[in-house]
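Those protein sequence lines, which keep their order, are chains S and A.
Under our numbering, the residue at position 92 of the first sequence is numbered 92, and the numbers go up by one with no gaps.
Counting from 1 along the second sequence, just add 464 to a position and that's the residue number in our numbering.
Bear in mind the hints are in silico, worked out from the structure with no lab data behind them.
It should be emphasised that the depicted structure is a prediction, and the values quoted were computed from it without experimental measurement.
Beta carbons: idealized from backbone N, C-alpha and C, even for Gly.
No false leads were mixed into what you were given.
Derived PhoX-like pairs: lysine-lysine, alpha-carbon spacing no greater than 25 Å straight-line:
(1) S:K30 x S:K57
(2) S:K461 x A:K926
(3) A:K925 x S:K454
(4) S:K461 x A:K915
(5) A:K520 x A:K536
(6) S:K39 x A:K615
(7) S:K451 x A:K926
(8) A:K724 x S:K151
(9) S:K70 x S:K81
Restraint ranges, calculated between C-beta atoms of paired labels, are given here:
(10) S:R134 x A:N548: 57 to 65 Å
(11) A:D523 x S:E293: 57 to 65 Å
(12) S:D342 x A:K475: 44 to 52 Å
(13) S:A286 x A:L725: 44 to 52 Å
(14) S:E96 x A:L802: 28 to 36 Å
(15) A:P727 x S:L338: 51 to 59 Å
(16) A:V563 x S:L420: 46 to 54 Å
(17) S:E120 x A:E849: 23 to 31 Å
(18) A:L725 x S:E256: 20 to 28 Å
(19) S:K56 x A:R730: 56 to 64 Å
Short derived list, chain A residues pointing at chain S, Cβ under 7 Å:
(20) K503
(21) L592
(22) T623
(23) P628
(24) V668
(25) S863
(26) D900
(27) T906
(28) A908
Protein chains: 2
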Amino acid sequence: MRIYSIEILGKVGEEVELAGWVDSRRDHGKLIFIDLRDKEGLAQLVFRGEDENLRKKADELRPEWVIQIKGKVVERPEEMKNPNLETGNLEVGVSELEVLAKAETPPFPLDTDGYEINEELRLKYRYLDLRRQRLKRNLVIRHQAAQFVRKFLSDWGFTEIETPYITKGTPEGAREFVMPARLHPGKFYVLPQSPQQFKQMLMVAGLERYFQLARVFRDEDPRADRAYGEATQIDIEVSFMSQEEILSLIEEMFIELVGKLFPEKRITQVPFPRISYDEAMAKYKADKPDLRENKEDPNELAFCFIVGWPMFEWNEEEKRWDPHHHIFTAPRASDIPLLDSDPAKVRSWQHDLVLNGYEIAGGSIRITDPEVQAKVFELVGIPKEEGRSRFEHMLEAFSYGVPPHGGIAIGFDRMLIPLLNEPNLREVMAFPKTGDGRDLMTGAPSEIEEKQLKELGIEIKKKK
Amino acid sequence: MRIYSIEILGKVGEEVELAGWVDSRRDHGKLIFIDLRDKEGLAQLVFRGEDENLRKKADELRPEWVIQIKGKVVERPEEMKNPNLETGNLEVGVSELEVLAKAETPPFPLDTDGYEINEELRLKYRYLDLRRQRLKRNLVIRHQAAQFVRKFLSDWGFTEIETPYITKGTPEGAREFVMPARLHPGKFYVLPQSPQQFKQMLMVAGLERYFQLARVFRDEDPRADRAYGEATQIDIEVSFMSQEEILSLIEEMFIELVGKLFPEKRITQVPFPRISYDEAMAKYKADKPDLRENKEDPNELAFCFIVGWPMFEWNEEEKRWDPHHHIFTAPRASDIPLLDSDPAKVRSWQHDLVLNGYEIAGGSIRITDPEVQAKVFELVGIPKEEGRSRFEHMLEAFSYGVPPHGGIAIGFDRMLIPLLNEPNLREVMAFPKTGDGRDLMTGAPSEIEEKQLKELGIEIKKKK
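Next up, chain S with everything else stripped away, as it sits in the complex (with noise of 0.2 Å):
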């Protein structure tokens, strides 16, 4: 049974067999070094060349063969010792040599940290940059994050509920992904840009508690510090909690992720700092104010919370008002006469929760009054015709017992920036796709079938 590098500690003595990438070679004479990497680390293979056979198989081992061995596990000679390795002290005496795969000289070198390389080469052959220690490390821990995530917010009575990807446009300002539905000729299905109306639907059901980490979807357009399309983002939606409980929740669970995960960082504030929209542009010219006493740490985590947001903002091109946040953003109560005579002045119970200067959570308590409602689709510019139509279902829901509820959701990949210290997204991601949408490894976007359209419905328009 093949155990991991690492499992070599503890079976000084013991016939083992490991399987995995030689990393590297070292010929010293008779002897041959190899240095096998698998999953966990990395193991030292001694071929002694007593066995010819053997001697000559070792001998035709390049880097990035994967091999599996049986020897056995004894201790180095004391000068022979590396104290940077875990398994150092030790090497596995090589009796048995299978070559599992051969591997060709890869296009860029994957022991280092990979920055100076060619980003488009690198996501060519992302299969081949993920081998990198730094690629590796940042995904495993992306997932120790995820499952922190998923246990805090299961131990505080949270239910992780799967919202449709196939579904129906809602009109939050970022452009979408649309399919032809194939069987409703002439319609089509939008991939979501947020869960928004399902997690208040949620909330109508009475699940009081719902949490997902859900992939988000914008077609937005090329830039080159994004990963194009998709994100992932922990969404969160609750009945009967105030903001501040809201914000209470969130600020536990960041306290005790790093305090987790990234032991050597340190939180400047705690608790984390609640700032009003008018004090941080005041204060700081900012609404994302970053608050790290030295910029220059890369240890250092300020959390901050933005709360007190307008609630709109003049659209002069338009002459009307639009949402600040969205438009199922609740105003606070004592600001509602102020709905008709200065929306200007209107505060919002939006929060932001900003880190580093990188806003990297948002939301709010939701609107549940169907009055106030229809009040805010007036101003936004909704005819009150199209406001009913486009969002009947919700309207509808709210008059079945609609609890007071609101939420936030954390950009997941986002929050991993600072946390790993990356640069950016596509360095916490498994597979990022190019600022301007193309998958460098499989190819997508591609041209489709003739024989797809027609059963789709739709023509590709011809260029004029």
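Here the structure of chain S is known, so what remains is to put chain A in place on it, guided by the hints.
Same frame as chain S, but now just chain A:
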């Protein structure tokens, strides 16, 4: 601070705050009793009528109204105790009542199991349908099962890795959902039928143990017993494990899952029988045999693995061999010579998991030898050139040191059907579509704006 109904246990004599839905009311002369329902259960509220205003407000309460109350927890009189209710020994004498939202009368009863109600009506009002105990419980247990699987696999050293949903087509037979690529006119993205290529790439990358609770997408023709469009699968891929090691792992996972979350269930036979395809056909005339000893017992679970599948089936229409599983499934090493001489006799490393006569999982050990892969392309009628170009990235990846690997995908929704004793997939999902792909709650699919079509460079084909 509001507490859950269940939390009144052990709070006798204390003032508490509760919130939730009016489940039912009973008037006993001057006393009004309300069963308050929240996420965790029911608590009996009593309005004693001493406060005239409060009594008047209580008198207005109707089922499904959302209320918040303050009151004192007291023991019920002995003859009023209800042993069928967790909080049945207690009641809350209300001193303050706030109505948070009124409610229309629901279009169907919420206190039944719901099977008797027209399903289209249930799906249209899914936010009410989900208020019923049975469905709420299904969602919570589904969450617990997902959490269990994640923890089990993590403890086994697996990493959950998110693979893209906006991707390129794979040739696995089912129809795919396609999205016009706005930034690349004439090209399309595809929603994945499975993360097949990505998970194999992760094996090349040396992650060794991958899993993902992945959404998978198929544009299937209408079928009454299905939920259209998307499903969740527990997707597992692993390097350096034999087929039997994979099966043992899955077996252990299901035994622990059942023991922990479904203790009322009994597994017919442990270890799960491993049955060859030939034996299954000879003995049970089925490749999905139902091995229950008593088919009337709703708590019996009969698992078995089917192995030794034929690699191909002859497609008389197209005059070629079709892969029985998929084109990446490995033939048994001893059968490789038969690829040339007698493809019908080749056995593969496919494995299925069958539960009570339903196939709930399938997988295989994969091909890692480029020559064998080329031969399979040839047999299934993919021309050499085309095979090369369509799968170039995979074949190329395999040239850089590919470990032996294999995997299995478990239909998560599907496995929950027998575990939750439900008749179909729609009862174990939060927001299923109808068999013909309509979301009756939100109204998807729907028309989109001409402007959007124009941006995407497509046109709806006019009917001739």
